[in-house]
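Q: Read top to bottom, the protein sequences are chains H and R. For the first sequence, numbering that gives the first Met the number 0 gives the first residue as 0, with consecutive numbering after it. For the second sequence, numbering that gives the first Met the number 0 gives the first residue as 0, with consecutive numbering after it.
Take the hints with a grain of salt, since some may be wrong.
Said to hold, decoys possible - Now the in silico label distances, taken between C-beta atoms and shown as ranges: (1) Asn88/R <-> Lys91/H: 56 to 66 Å; (2) Ala342/H <-> Ala172/R: 29 to 39 Å; (3) Val460/H <-> Glu290/R: 33 to 43 Å; (4) Leu211/H <-> Asp187/R: 47 to 57 Å; (5) Gly153/R <-> Val460/H: 34 to 44 Å; (6) Thr253/R <-> Val460/H: 52 to 62 Å; (7) Pro89/R <-> Leu211/H: 31 to 41 Å; (8) Leu310/R <-> Ala128/H: 28 to 38 Å; (9) Asp113/H <-> Thr14/R: 21 to 31 Å; (10) Thr451/H <-> Pro89/R: 28 to 38 Å; (11) Arg281/H <-> Ile210/R: 22 to 32 Å.
Simulated from the structure, these hints should not be mistaken for lab results. Even for Gly, the Cβ is constructed at its ideal location relative to N, Cα and C.
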Amino acid sequence: MKQIATAALELAMRRGVTYADVRAVESRDRAVTTKNGMPGQIGAGESAGVGIRVLADGCWGFASTSGLSKAGLEAAASLAVAIARSGVAAKKHDVVLAPEEKYEATWVSPCAIDPFSIPVEENLALLLAVDAELRREKGITLAETSLTHERSRQVFVSSIGSMIDQTRTTTGAGFAAYSFQNDDIQKRSYPNSFGGQYQLKGYELVHELELLKHAPRMASEAVALHSADTCPEGTFDLILDSSQLGLQIHESIGHPIELDRVLGSEANYAGMSFLTLDQLNRLHYGSDIVNVVCDARPEHGPGLGTFLYDDEGVPAHGTSIIRNGLFTGYMTSRETAATVGDARSNGTMRAAGWSRLPLIRMTNVSLLPGEQSLDEVFDVEHGIYMETNKSWSIDDKRYNFQFGCEAAWEIRNGKRTRMLKNPLYSGISTEFWNACDAIAGRDWWTLWGVPTCGKGQPEQVMGTGHGASPSRFRGIKIGSGSGE
Amino acid sequence: MSRDLFAIAEAAARTRGVRDIEVIFERHNFALTRFANNTIHQNVAELDHAISIRVLEDHRTARASTNRLDRASIEAAVDQAIALTRASNPDEKIPALAEPAPVQVLNRHFGMTTPEERAAKVAEAIRIVEDAGQTAAGIFETGETTESIFNSRGIAVEHSGTMSRFSITAMAADSSGWAKASAANVRDLDPCALAAQAMRKARDSKSPREIAPGAYTVILEPAAVLDLVGQMFGDFSATALVDQRSFLTDRLHTRLFGENIHITDDVTHALQTGAPFDGEGTPRSVLQLVEAGVAKDIAVSRTASPAANLLATGHGYPLPNEVGEAPVNIVIAGGTSSIDEMVRSTERGILITRLWYIREVDPYEKMMTGMTRDGTFLVERGEVVGGLRNFRFNQSILEMLSNVELMSPAVRTSGEEAADMVVPAMKVHNFHLTEVTRF
Numbered sequence: 000m001k002q003i004a005t006a007a008l009e010l011a012m013r014r015g016v017t018y019a020d021v022r023a024v025e026s027r028d029r030a031v032t033t034k035n036g037m038p039g040q041i042g043a044g045e046s047a048g049v050g051i052r053v054l055a056d057g058c059w060g061f062a063s064t065s066g067l068s069k070a071g072l073e074a075a076a077s078l079a080v081a082i083a084r085s086g087v088a089a090k091k092h093d094v095v096l097a098p099e100e101k102y103e104a105t106w107v108s109p110c111a112i113d114p115f116s117i118p119v120e121e122n123l124a125l126l127l128a129v130d131a132e133l134r135r136e137k138g139i140t141l142a143e144t145s146l147t148h149e150r151s152r153q154v155f156v157s158s159i160g161s162m163i164d165q166t167r168t169t170t171g172a173g174f175a176a177y178s179f180q181n182d183d184i185q186k187r188s189y190p191n192s193f194g195g196q197y198q199l200k201g202y203e204l205v206h207e208l209e210l211l212k213h214a215p216r217m218a219s220e221a222v223a224l225h226s227a228d229t230c231p232e233g234t235f236d237l238i239l240d241s242s243q244l245g246l247q248i249h250e251s252i253g254h255p256i257e258l259d260r261v262l263g264s265e266a267n268y269a270g271m272s273f274l275t276l277d278q279l280n281r282l283h284y285g286s287d288i289v290n291v292v293c294d295a296r297p298e299h300g301p302g303l304g305t306f307l308y309d310d311e312g313v314p315a316h317g318t319s320i321i322r323n324g325l326f327t328g329y330m331t332s333r334e335t336a337a338t339v340g341d342a343r344s345n346g347t348m349r350a351a352g353w354s355r356l357p358l359i360r361m362t363n364v365s366l367l368p369g370e371q372s373l374d375e376v377f378d379v380e381h382g383i384y385m386e387t388n389k390s391w392s393i394d395d396k397r398y399n400f401q402f403g404c405e406a407a408w409e410i411r412n413g414k415r416t417r418m419l420k421n422p423l424y425s426g427i428s429t430e431f432w433n434a435c436d437a438i439a440g441r442d443w444w445t446l447w448g449v450p451t452c453g454k455g456q457p458e459q460v461m462g463t464g465h466g467a468s469p470s471r472f473r474g475i476k477i478g479s480g481s482g483e
Numbered sequence: 000m001s002r003d004l005f006a007i008a009e010a011a012a013r014t015r016g017v018r019d020i021e022v023i024f025e026r027h028n029f030a031l032t033r034f035a036n037n038t039i040h041q042n043v044a045e046l047d048h049a050i051s052i053r054v055l056e057d058h059r060t061a062r063a064s065t066n067r068l069d070r071a072s073i074e075a076a077v078d079q080a081i082a083l084t085r086a087s088n089p090d091e092k093i094p095a096l097a098e099p100a101p102v103q104v105l106n107r108h109f110g111m112t113t114p115e116e117r118a119a120k121v122a123e124a125i126r127i128v129e130d131a132g133q134t135a136a137g138i139f140e141t142g143e144t145t146e147s148i149f150n151s152r153g154i155a156v157e158h159s160g161t162m163s164r165f166s167i168t169a170m171a172a173d174s175s176g177w178a179k180a181s182a183a184n185v186r187d188l189d190p191c192a193l194a195a196q197a198m199r200k201a202r203d204s205k206s207p208r209e210i211a212p213g214a215y216t217v218i219l220e221p222a223a224v225l226d227l228v229g230q231m232f233g234d235f236s237a238t239a240l241v242d243q244r245s246f247l248t249d250r251l252h253t254r255l256f257g258e259n260i261h262i263t264d265d266v267t268h269a270l271q272t273g274a275p276f277d278g279e280g281t282p283r284s285v286l287q288l289v290e291a292g293v294a295k296d297i298a299v300s301r302t303a304s305p306a307a308n309l310l311a312t313g314h315g316y317p318l319p320n321e322v323g324e325a326p327v328n329i330v331i332a333g334g335t336s337s338i339d340e341m342v343r344s345t346e347r348g349i350l351i352t353r354l355w356y357i358r359e360v361d362p363y364e365k366m367m368t369g370m371t372r373d374g375t376f377l378v379e380r381g382e383v384v385g386g387l388r389n390f391r392f393n394q395s396i397l398e399m400l401s402n403v404e405l406m407s408p409a410v411r412t413s414g415e416e417a418a419d420m421v422v423p424a425m426k427v428h429n430f431h432l433t434e435v436t437r438f
């Protein structure tokens, strides 16, 4: 891959560009799923290709190809340059990049058990055992389980002399139990919705999740939801489990802090952001106990957004986003950093595979642990505790959100009481985070993986990481989605 | 070329003692010019091809894919598919490979564009918005896709088509407008007309006022209809019914919507696109999904056919998979009213350009939530009187399609939350707008 990347870079540079970088990527994946006691998807794939990005006449051009012969690389390099030069027809200014050093590095993400060394028979046996356990509960009408593994090696080379070779292995696993009764579909998922938990790990993640152990409880809860009371409507103190809070962070903090979005690059699709440039170091995004970072460094944890260098060759950073409630930072690229006068990019450019252009993407955007115990977080006279995302929606500037969860429980005097179905909560992002008055400590903190974040045109699906522990929010609008 | 690749795979499988094999070959060539802040800022092209190989043996099946098309890589993929298949468990529901059947040839391949042609059109569109003192963002894309399916029982089908899209958002100081279109033939797109449409929406919705949320009469432009109603068609699936995850469970052949609602799935429709066969090479048939408000036909894959006691309809996804099948060429029959006529007939209501971030809140009532975006207008006494701040809605699709008062003629429509369809604009009463956002 190094030879291919270097050859493609030379072909681009020969065409008189002012900057070029090339990512040569080869990846393999495996997916095993089951449904109601039978194998579902059993598949494996591999893909290889290069993406060539150039600056010519002050404009960007990008072309990717799976044709890795010399002719294929020449055609892609030539097309990338032609595309860049065509941009002059609608150019307002030359692209300027914040300075960056050249790096030579090789990195392989930690992986205790190579997931591809585990026989598919063993994958299937585990999933079918979980599936059987779920369907043991009377009333479960659909049981689904899944395991996914991906390994991707990327060689990045650039015209400033960088050569960065990174290999990342990710694993995901989980299950869902559905119950249909009397015109009502209820569902419980473990350990999260969207297929479960995903991390930058090998098969050890599957062992850690103890899928079989948790199957009976989730199946039982899915059926119990039918006879649960509907979540009451009104204003309540709200406690969120860490997986739901991870998605809340993703939608109401992670996306708004993308500087390309703030500057209008995504206006036609994903939208813009309420975090206009005048808000930096002024806006009280959250209460004093809210501290959020965007951290791609391995020391933050094995997140889907963990790496050593981003996809334009910038070292992984840990950036303060919210410090004691104050909004302190955006996610940037070399281009957007230069636009706003930052000395350097903070390294959040990521591309979905070899075929797509790097964009500013969340790495690991995490709420740092608080100081409370779990009992202290639950210490409310009357509140609602919600678990596991079911629906999520937020406006295109990221003010107004509405989330639904799979299950909820009423809290009375610090204790879980009756189960509640179809819970929803809604609000305005900054009002919500300013209502946070308790965050559980490190012992309850989990780095969740969101594998399906969409952004860009053409759309790119990316995995992001979000650390969170159960937290409490005062006076939140809660309902049941009745539409009234 | 694809036939040669199949020959390599089939020979490799036979050498390894495997008789039943299916090969899907896909090639795509795609380019997109993206603009924002009145300048081209991302400008890309991609070329890829891939082969995926499915083995079937003793009711076991699995798939392996690669985008390396040399003989050794294809043979390795065959080995992988055989190994995965033999590691899997038998499932009596997995059917034998499909047998050949006549497939209609649909000529949907037109020209591509050069980077210079896209840039020139984008520059013209930007100028229209910029001259109005606004800021433009959008895309102009063209692409061509070829899909071929072969199997060792003799299936050999291929479809090649082009697709182009232009979309544009025009932004003024406190308002925005949006327009989008798609077509198999890029010459059918008019970027300047779309730019002017977006510009007028941004201009006419300036200084948006806030009104209280509640149940309103709404006029949904075709893109808003597409993105909301498009969320329900995955439920018109035999597998979803067997799994009891469809809102049609216990409701087929009952009236769910108003008598004025008629919906078909028709790949041959003049405004539709896509291959005339499904993921196993089975020819697509026309489905009458909804007739006079009654849910009738559903998509049926060959796998789901015995349990559903229905013939396969040619809407299955490539095997193996869990979701089965879905209709993908939706045509909602329209009416005769123009949007202007809908406005004139409305005493008080809201005109909505598009909807955004639509997600399911209740799967059986098909209750969806989402936001309005890029052009939300107050209608009073038969006239559009100005822009409104955007709303969140929580709305059952069943209820919505029971409350349709007027429809425009159906047009090919492209949104961002559902696949392109042929749909009308709709005037709908009692639409639930539940919250207002800050812009």
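Q: Which hint numbers does the structure go against, in order from smallest to largest?
A: 6 and 7
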